[in-house]
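Starting from the known structure of chain A, fit chains B and C onto it as the hints suggest.
Residue numbers (my numbering), protein chains in the order written: chain A, 9 to 287; chain B, 363 to 740; chain C, 14 to 83.
Please keep in mind that the hints were generated in silico from the structure rather than gathered at the bench.
One thing to keep in mind: the hints can contain errors.
Which stretches of chain B does chain A cover? Using the computed rule of at least three CB atoms under 8 Å from a CB of chain A, they are [claimed, not checked]: (1) 382-389; (2) 450-460; (3) 532-538; (4) 681-690.
Nothing here was measured: the structure is a model prediction, and the numbers come from that model.
Where is the CB? At the ideal position from N, CA and C, for every residue including glycine.
Listed here are the chains, written in short residue letters.
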Amino acid sequence: MAYDLLEEYLRVERLPHVWCPGCGHGVITHALACAMAELRLDPDRTAVIGGIGCSGRAAFLFDMDAMHTTHGRAIVFATGLKLVRPQLTVILTLGDGDAVGIGGNHFIHACRRNLDLTAIIYNNSIYGQTGGQVAPTTPPHKKSTTSPYGNLEYPFDIAQLAIAAGATYVARTTSFDFRDMVKFIKRGILHKGFAVIEVLTHCPTYYGRLNEMRDPYEMLHRLKEHTVPLEEWEQLSAEERADKIVVGELHCQERPEFVESYYALITRMQSQQVKGDGN
Amino acid sequence: MREPELVQGNEACARGALYAGCRFFAGYPITPSSEIMEYLAREMPKVGGICLQMEDEIASISAVIGASWGGAKAMTATSGPGFSLMQESIGYAAITETPCVIVDAQRWSPSTGQPTKAAQGDVMQARWGTHGDHPIIVLTASWVREVFEMTVHAFNFAEKYRVPVILLLDEVLAHLRENVILPEPGELEVISRQRPERLEDFQPFANEMMLNFGEGGHIMVTGMAHDEMGFPTQGQKAAEQLKRIVSKIERRAEELALYRAHYLDDAEAVIISYGITSRAVEAAVELMRAQGLAVGFLDLKTLWPFPEKLIRSWTEGVQYVLVPELNLGQLVREVERAVGGRAPVEHLGRVDGYLITPQEICQRVQERLGVNHGVRSS
Amino acid sequence: MKRYEQNGFFLEIEPRRCKGCGVCVQSCPMNVLILNDAGKVEAKEIMRCVFCGICEQRCPDFAISVHKSV
Numbered sequence: 009m010a011y012d013l014l015e016e017y018l019r020v021e022r023l024p025h026v027w028c029p030g031c032g033h034g035v036i037t038h039a040l041a042c043a044m045a046e047l048r049l050d051p052d053r054t055a056v057i058g059g060i061g062c063s064g065r066a067a068f069l070f071d072m073d074a075m076h077t078t079h080g081r082a083i084v085f086a087t088g089l090k091l092v093r094p095q096l097t098v099i100l101t102l103g104d105g106d107a108v109g110i111g112g113n114h115f116i117h118a119c120r121r122n123l124d125l126t127a128i129i130y131n132n133s134i135y136g137q138t139g140g141q142v143a144p145t146t147p148p149h150k151k152s153t154t155s156p157y158g159n160l161e162y163p164f165d166i167a168q169l170a171i172a173a174g175a176t177y178v179a180r181t182t183s184f185d186f187r188d189m190v191k192f193i194k195r196g197i198l199h200k201g202f203a204v205i206e207v208l209t210h211c212p213t214y215y216g217r218l219n220e221m222r223d224p225y226e227m228l229h230r231l232k233e234h235t236v237p238l239e240e241w242e243q244l245s246a247e248e249r250a251d252k253i254v255v256g257e258l259h260c261q262e263r264p265e266f267v268e269s270y271y272a273l274i275t276r277m278q279s280q281q282v283k284g285d286g287n
Numbered sequence: 363m364r365e366p367e368l369v370q371g372n373e374a375c376a377r378g379a380l381y382a383g384c385r386f387f388a389g390y391p392i393t394p395s396s397e398i399m400e401y402l403a404r405e406m407p408k409v410g411g412i413c414l415q416m417e418d419e420i421a422s423i424s425a426v427i428g429a430s431w432g433g434a435k436a437m438t439a440t441s442g443p444g445f446s447l448m449q450e451s452i453g454y455a456a457i458t459e460t461p462c463v464i465v466d467a468q469r470w471s472p473s474t475g476q477p478t479k480a481a482q483g484d485v486m487q488a489r490w491g492t493h494g495d496h497p498i499i500v501l502t503a504s505w506v507r508e509v510f511e512m513t514v515h516a517f518n519f520a521e522k523y524r525v526p527v528i529l530l531l532d533e534v535l536a537h538l539r540e541n542v543i544l545p546e547p548g549e550l551e552v553i554s555r556q557r558p559e560r561l562e563d564f565q566p567f568a569n570e571m572m573l574n575f576g577e578g579g580h581i582m583v584t585g586m587a588h589d590e591m592g593f594p595t596q597g598q599k600a601a602e603q604l605k606r607i608v609s610k611i612e613r614r615a616e617e618l619a620l621y622r623a624h625y626l627d628d629a630e631a632v633i634i635s636y637g638i639t640s641r642a643v644e645a646a647v648e649l650m651r652a653q654g655l656a657v658g659f660l661d662l663k664t665l666w667p668f669p670e671k672l673i674r675s676w677t678e679g680v681q682y683v684l685v686p687e688l689n690l691g692q693l694v695r696e697v698e699r700a701v702g703g704r705a706p707v708e709h710l711g712r713v714d715g716y717l718i719t720p721q722e723i724c725q726r727v728q729e730r731l732g733v734n735h736g737v738r739s740s
Numbered sequence: 014m015k016r017y018e019q020n021g022f023f024l025e026i027e028p029r030r031c032k033g034c035g036v037c038v039q040s041c042p043m044n045v046l047i048l049n050d051a052g053k054v055e056a057k058e059i060m061r062c063v064f065c066g067i068c069e070q071r072c073p074d075f076a077i078s079v080h081k082s083v
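Isolated chain A (complex conformation) (with noise of 0.2 Å):
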């Protein structure tokens, strides 16, 4: 997708953008741009609603309408947001931290609502821009400055936990798949429901530099030999998955939207007041 095709959704006169060299988070937001343009999406229908986090600075970019919220609250502004004004396509760009961190109330409670909203998380499996803190994401025994002797925590499964709080659909990639990220990030954006994109991806200043992963290059080619696509997965056995991620589309299913429900049930009390038969 030539560039050109992107000024129309993008603030190129912002770029270069402030993510570190070799970061996956310039990658993720390139392809929420594609998607956008190959879903010919109106920019004045439009909002990218960002957290606090390197993910958030992606609001920054985009052409649009587009709020850099509170830390983990970026749900909730978008919340409001969208019930004033369904028509609005409304994606929200996360941080892993910011997602199920200090978000993780909002985000369960917005899967479960089901509202119509696309939630990218830039899942990088550390606090990054506050310097390389350990994130509920960060894998066990990994380094952090706050983990400097290895994480002793269990980290959450992003796409598990949506799914189990209800989102209806849910997918997992990584910033080495490009086409898969633009696919998701489309399916996402088309469904209509909460849709969470879970994306993988490396930051090698810090997670990758206290883990052993100093080169872009190899963290994300790292990152890759990590993930097993879903069609490989049903067939490995327990010891093959071990240390092995499952991506793609790991659900998705219909059931009523919120958005379009509240909406109804206004028609429905605004009829009942005309007939006069409101209680």
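Using the frame of chain A, we list chains B and C on its own:
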């Protein structure tokens, strides 16, 4: 003339919001404000509005801000504990100049406190709860009809000045019912946000004009220090913008100062109060006036920006100023600062969860005036 | 914006955006790209380029793109 109806304070607040054009509410159950959400859950759909119960108070205020940028007049309601949770996003609303209304039905605090007991202990939190210098307007009310009116004022100020407005109620006012005739449609002025005529070269963070999301403005909203176009900035420009949004409210303290006053012309003693306590003050002042005491009262509806000049002028040449409030002394500090030593300013507090009575007020004033003038006979 | 033309395709590089992470250089299957001494990507061997687009898909900085010349 419509028939009076028995209306609860919380219900008057909800009806005032609808009257003002509020079409989005997000909240979380908390005593003593839950009835506001319960009323709006029933009535919002009928008027094409939305009422959401969220997973917590942080979600509630955040959804309100999102809805406001979607173009809706939006409100949340809570009490002390929830109000504390909302502070970070209230600061976001302040720096992004987002019109919204936050109702805090105060209860005995701090912490869980006495949920069904009244207090006025959130006055300083309402002003300084969120971190850093920031613009905010804080209103309050004493009567059920006034709750309705002040809710409309809250939306008008929020929309006119693009600022979060806090309405402080208390558990007694929130829950009591009065026989009232509420304003008719059209009776009170209702103000909506001012929109720019032209999109080109519109600066979303330069003045009080506002463009909503979905109107082609490609608006950038961030809680970071930002320039007139909404993009991150630092240093001198950050200072300039902060001074602009703070002075936007502070310089208008007079214009924003809503209050009721009585018997101040010849007053030797002035009682300055707000909220539920003002009801007892009015009764006390009538009692003392009947005894020939020159006592007047100033019942503040706007607490912040603090109406300093107003206080200074109404306490000119006065012997004694009393500030009764249901806390251990909060607004009294501001009154002392405004009076500036020209008269003794005293606090009369009560923190057992019950209201200050007219008798307590009379006794204190009579002691002070009695001491200065000997016992007066009417 | 630098442009490298080759039988109906061209490669566009925006040095100003490139942060010299080297991912494109290492990812290129045909070893077309290098980092110059300013640390910016350059197409050293454009003749070998098959315009597969892997560099564009790996670049985090929107600094390199592949086009069919029209």
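These are the hints, each one checked on the structure:
no.	hint	verdict
1	382-389	holds (count 3)
2	450-460	holds (count 3)
3	532-538	violated (count 0)
4	681-690	violated (count 0)
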